[in-house]
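**Q** What follows is each chain in one-letter form.
2 protein chains.
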Amino acid sequence: MEKITSLKNERVKNWKKLHTKKGREKEGYYLIEGFHLVEEAIKHEAAIHELIYVSGKKVPATWQHQVHHIFEIIPEIAKALADTEAEQGIFATIKLQSTQPQVNEKQSYLLLDAIQDPGNLGTMIRTADAAGLDGVVLGEGTVDLYNGKVLRSMQGSHFHLPIYRGNLSEWISLLKEKQVPVYGTELNEQAVLYDQIGKQSAFALIMGNEGNGVAKELLAQTDQNLYIPIKGQAESLNVAIAAGIILFTLKA
Amino acid sequence: MEKITSLKNERVKNWKKLHTKKGREKEGYYLIEGFHLVEEAIKHEAAIHELIYVSGKKVPATWQHQVHHIFEIIPEIAKALADTEAEQGIFATIKLQSTQPQVNEKQSYLLLDAIQDPGNLGTMIRTADAAGLDGVVLGEGTVDLYNGKVLRSMQGSHFHLPIYRGNLSEWISLLKEKQVPVYGTELNEQAVLYDQIGKQSAFALIMGNEGNGVAKELLAQTDQNLYIPIKGQAESLNVAIAAGIILFTLKA
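Heads up: the sequence lines are chains L and S, in that order. The working numbering puts the first residue of the first sequence at 9, with every later residue one more than the last. The working numbering puts the first residue of the second sequence at 9, with every later residue one more than the last.
Okay, chain L solo, but in the shape it has when bound:
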């Protein structure tokens, strides 16, 4: 255990770099914050590199056995590392790892095409987890998974199910080879009503960009495209809400 008392310490400078995607990629780590997220990382045996907490903070002894690099910091450093005002004085750095694509028959996936809002991305991953899906695929143009707001909205779900990055068109081909039906989503009323295809034990659902929806080229590759009828005067649903409604309706 090492004690750090200066904001100018080199480690502190490096940790602060983890607030940007560029910094995370350069350092090879991402930063999580808060008791719940660190607990989830420990519980699910994530590749925790460093455990960092404010001196005097109560931290379970088992955590201290599981992590090699432990740092005690002063409250000023916690404030500088925190992404929110309600910081809890506890952080961890976790190794960035890439997940090799692996498509199985009888599994279900959520494919995300250019999702831009961090809250939407995190919430959809949390929802996919709660619906019992087997993986989430982040297509090109999707916001970085390790953005602070994504991490807060996911509530640790990225420790529960694999998150892939990839070309969605290639993923659709892989899924089709494994006989997994692929459903796109669109606002078009000519599409199939989302609640008319029945429960599915294995499927893939594609949700699209907040402004533009799912790319036309992808919609052309799917087995069917679904839509949710809007009854009131709202123009559309938030993409994460739409994902929740369809996932819970489809998943057997």
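Rather than coming from a laboratory, the hints here were simulated on the basis of the structure. Some clues are possibly wrong.
[To be verified] For lysine to aspartate or glutamate, the following EDC-like pairs were computed, each having C-alpha atoms within a straight-line distance of at most 16 Å:
(1) S/LYS207 with L/ASP125
(2) L/LYS21 with L/GLU35
(3) L/LYS259 with S/ASP203
(4) S/LYS239 with L/ASP142
(5) L/LYS239 with S/ASP142
(6) S/LYS157 with L/ASP125
(7) L/LYS157 with S/ASP125
(8) L/LYS207 with S/ASP203
[Claimed, not checked] Partial list, derived from the structure: chain S residues whose beta carbon lies under 7 Å from chain L:
(9) THR131
(10) ASP137
(11) SER165
(12) ILE238
Predicted model only: the values in this text are computed from it and were never measured. Every residue, glycine too, gets a C-beta built ideally from N, C-alpha and C.
For chain L, the structure is supplied; the task is to place chain S on it using the hints.
**A** Positioned in the frame of chain L, the structure of chain S alone reads:
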């Protein structure tokens, strides 16, 4: 039309006050921003007090006929008034109005108990609109409706359906008098499965605080309490996602 070129202008100072709840209540107005929201306000004949835009901005002539007080501002003022970085140089102030409670038979309502996150509140109102509900009731402890983030997430749905403020316990009594069934939500697996009660033409659904759920006293007053089974390892669903799933499942 009046042109304002100084950040120190008294009107500008008063508009900036509308960023806080205290300021809104003192002035009696709230501020909306962006072309889409102003368009919705015009379309739905909201009580627009002032229309404010950066000189040179293209604004439909019909809008200018509908609003008496029009101000042209300089980009520096737009920046100071904006709640987001992606400001569009167009704003309006709208009169705060209270909506008298009115419960009708054969109507459906969303009741919100102490919702704290502005994005969750706005998204739930947008979802209630899209599901074809007839009103939303904000119980005590719920974040202010005119908070900038709530306004952005609602996307104008507060112009489409009435939003009430009130004591939820009194609302439940009113709803029962009108034979509208009231459903609470809880995480307890002893509650009724949300998809087992069938489509309803009229109902009220209560969603609760992000951390604590619906207050026990309210759950004791409902006809039934519903729960959504969690299949994966997530501890719970985001409250707005849960609201979306239940509303679209229940609403006939």
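**Q** Decide, hint by hint, whether the structure agrees.
**A** Cross-check of the supplied hints:
no. : hint                   : result
1   : S/LYS207 with L/ASP125 : violated, 32 Å
2   : L/LYS21 with L/GLU35   : holds, 11 Å
3   : L/LYS259 with S/ASP203 : holds, 13 Å
4   : S/LYS239 with L/ASP142 : holds, 11 Å
5   : L/LYS239 with S/ASP142 : holds, 11 Å
6   : S/LYS157 with L/ASP125 : holds, 13 Å
7   : L/LYS157 with S/ASP125 : holds, 13 Å
8   : L/LYS207 with S/ASP203 : holds, 13 Å
9   : THR131                 : holds, 5 Å
10  : ASP137                 : holds, 4 Å
11  : SER165                 : holds, 5 Å
12  : ILE238                 : holds, 5 Å
Of the numbered hints listed earlier, the single one contradicted by the structure is hint 1.
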